[in-house]
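Assemble the complex: chain A is given as a structure, and chain B must be docked to it using the hints.
The listed protein sequences correspond, in order, to chains A and B. Here the first sequence is numbered in my numbering, starting from 1 and rising by one per residue. Here the second sequence is numbered in my numbering, starting from 1001 and rising by one per residue.
Treat the hints as calculated values from the structure; they're not laboratory data. Bear in mind that the values here come from a model prediction, so they are computed numbers and not experimental data. A portion of the hints provided could be inaccurate.
Unchecked claim - A partial selection of chain B residues facing chain A, derived with a Cβ cut-off under 7 angstroms: (1) L1075; (2) A1078; (3) P1090; (4) F1091; (5) T1093.
No residue lacks a Cβ here, since even glycine has one placed at the ideal position from N, Cα and C.
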Amino acid sequence: MNWLLTLPILLPMLVASGMMLLRRRPMAQRLVSVLGMLGLLATAITLLVTVYRDGVLAIQLGGYAAPYGISLVADLLAAIMVLLAAMKGTAVVIYSTVSIDAEREAYGYHPLLHVLLMGVCGAFLTGDLFNLYVFFEVLLMSSFVLLTLGGERGQVEGAIKYVTLNLISSALFLAGAGILYGVTGTLNMADLAIKLPAAGQPQVANMLAMIFLLAFGIKAAIFPLFFWLPASYHTAPAAISAIFAGLLTKVGVYALLRVFTLVFVHDIGFTHGLILMLAGFTMVTGVLGAAVQSEFRRILSFHIISQIGYMLMGLGLMVVLAWSDTEATRAAVTMGLGATVFYIAHHIVVKTNLFLVSGVVERLQGTGRLDSLGGFYASRPVFSLLFLVPALSLAGIPPLSGFWAKLALVQAGLRLEQYGIVAIALAVGVLTLFSMTKIWAAVFWAPDPAERPASEERPASEERLSKEKGLAMMIGPIAGLAGITLLIGLAAGPIFEVAMQSGVQLLNPQIYIDAVHPVVSE
Amino acid sequence: MTSTILRSSTRYLFPVIALFSIFLLLRGHDEPGGGFVGGLLAALCFALYALADSVEAARRLLRVEEQQLIGMGLLLAACSGLPGLLAGEPFLTTYWTEQWVIPTVGKLKLGTPLLFDVGVYLTVVGVVLMILFPLAEE
Chain A
1 MNWLLTLPIL
11 LPMLVASGMM
21 LLRRRPMAQR
31 LVSVLGMLGL
41 LATAITLLVT
51 VYRDGVLAIQ
61 LGGYAAPYGI
71 SLVADLLAAI
81 MVLLAAMKGT
91 AVVIYSTVSI
101 DAEREAYGYH
111 PLLHVLLMGV
121 CGAFLTGDLF
131 NLYVFFEVLL
141 MSSFVLLTLG
151 GERGQVEGAI
161 KYVTLNLISS
171 ALFLAGAGIL
181 YGVTGTLNMA
191 DLAIKLPAAG
201 QPQVANMLAM
211 IFLLAFGIKA
221 AIFPLFFWLP
231 ASYHTAPAAI
241 SAIFAGLLTK
251 VGVYALLRVF
261 TLVFVHDIGF
271 THGLILMLAG
281 FTMVTGVLGA
291 AVQSEFRRIL
301 SFHIISQIGY
311 MLMGLGLMVV
321 LAWSDTEATR
331 AAVTMGLGAT
341 VFYIAHHIVV
351 KTNLFLVSGV
361 VERLQGTGRL
371 DSLGGFYASR
381 PVFSLLFLVP
391 ALSLAGIPPL
401 SGFWAKLALV
411 QAGLRLEQYG
421 IVAIALAVGV
431 LTLFSMTKIW
441 AAVFWAPDPA
451 ERPASEERPA
461 SEERLSKEKG
471 LAMMIGPIAG
481 LAGITLLIGL
491 AAGPIFEVAM
501 QSGVQLLNPQ
511 IYIDAVHPVV
521 SE
Chain B
1001 MTSTILRSST
1011 RYLFPVIALF
1021 SIFLLLRGHD
1031 EPGGGFVGGL
1041 LAALCFALYA
1051 LADSVEAARR
1061 LLRVEEQQLI
1071 GMGLLLAACS
1081 GLPGLLAGEP
1091 FLTTYWTEQW
1101 VIPTVGKLKL
1111 GTPLLFDVGV
1121 YLTVVGVVLM
1131 ILFPLAEE
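One chain only, chain A, in its complex shape (with noise of 0.2 angstroms):
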């Protein structure tokens, strides 16, 4: 237990501190870092298995007690998103292993990739309010220098936005971390679900819970706090935006789901009917945005927005709590708190898919917009089937994962008679299939703008040839991917059933502080 715990966030730390020794040697650097990510996701699947066999796992490092060491916590919704970081971190390695460039390799790009997936895992299994805003600073170091690297024109600027909402977003939660500590004298969030509502300050309280949803918010690109996120994720190469598409995001989304569920549930009433508000405005503008956008990753940039909305769906419904408490809501609830599990887990595995995707579209042809792409279908109807799966998935078309996602938060949303946001969760559906529809029609029914004769073409067929060297290392992680987005959607069932017992878990604080708390009384 002590090992499965610790592993997922020094595995990382050691491979990364060992590629920094084999700098000069980048064949080396990329197998030490492909195995390292392997091994990370053997670790993954070892820690969801027995978390799920044998409930929430606590320890404490250094063995010193709870509430003034350090706990690493793992609970289903922790070791699911372990999981899937190390999923996708083993699809990127792989991916990149030819599509990134030796400069930004010579530039220590693999390590920083496993310092990021340190810091998404530390955040993903700390137990403490501190050392998750500490792995915030890894994730988001290593994400700034990750953004800038290689240093184009455009990359240094969306990096400014990126850097400065984010710096915004540290100071937020460190002071309300700072004024948490103040008002209950703990930052360990097993004891803060204890000692926060005792302290009997509802109205700090309050203020905290604001103070953290903005923090929070931000990371997580929520509505009105998303601009960042569309003006920088498209700036760096494909597979370092697919890292941060797929993840970065959701480590906010997950940081909400945490605190909102464990420390802030004082007045639902208030603080989740705000963030059910907010679902809908995110889900909203986030697709009206894609709407208008005509490059291929922006587009996918909007859609992280409107489907964060989605995930804060799930969140927001536990607002009905507040006025209902019966057997029936709180069924309800947990299926929507389910539903958002599952839907953060279809998303990661989509939305990085099509990033990498778009990666594999613009190293082809050289360009990302819409208007200059075409002709994929024609020249390679398998890789468009592979772009098929996420897309549609994505806009939720059965049977596969995306539908089963949103059919569970539609359903949990129309038990829980919340009609507004179930009838704008299904029109933004619509929107979505729309978006993926443009995309496929440009980018793979369309014929090629740049169509030559075939005369004119031979030249050119050396260059081609280049490019497609090592395309089968870029194409077997989006086939791979692709196939866990069907697995998700045919094995719905069971995989639904670990979302709904992590549901289960998230309504049920004490599961978490008890799972904690025993070790504090040893």
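Positioned in the frame of chain A, the structure of chain B alone reads:
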């Protein structure tokens, strides 16, 4: 920049600062000092050397690349937590040796936090020099 005064004083200052940085590192656990300050001082040594002579000479003196230094430091720091794991305790559980009394030197106690501090020391030296050397080269 070549200044005779700086060059000849550096020759004497370098070992003194280097020794003092190691003194701070070893003193660190229970008393003021530690890997961070020690590392800063050690980096200062090399910065001074680079000013007095040249960045190239300072790099030669360092022998390893700055990035490798960071890597080694992080590895050491991470490894300092491993004995706990291997013994079935939580990560970062500390272990200390008995306190040895060495004639004329003083009391000596070794433990995993020292390893951690050495890791911090190396990382700090690496990071500071990684920032300073390119700046000095420009």
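Hint by hint, where does the structure go against what was stated? Just the numbers, ascending. none
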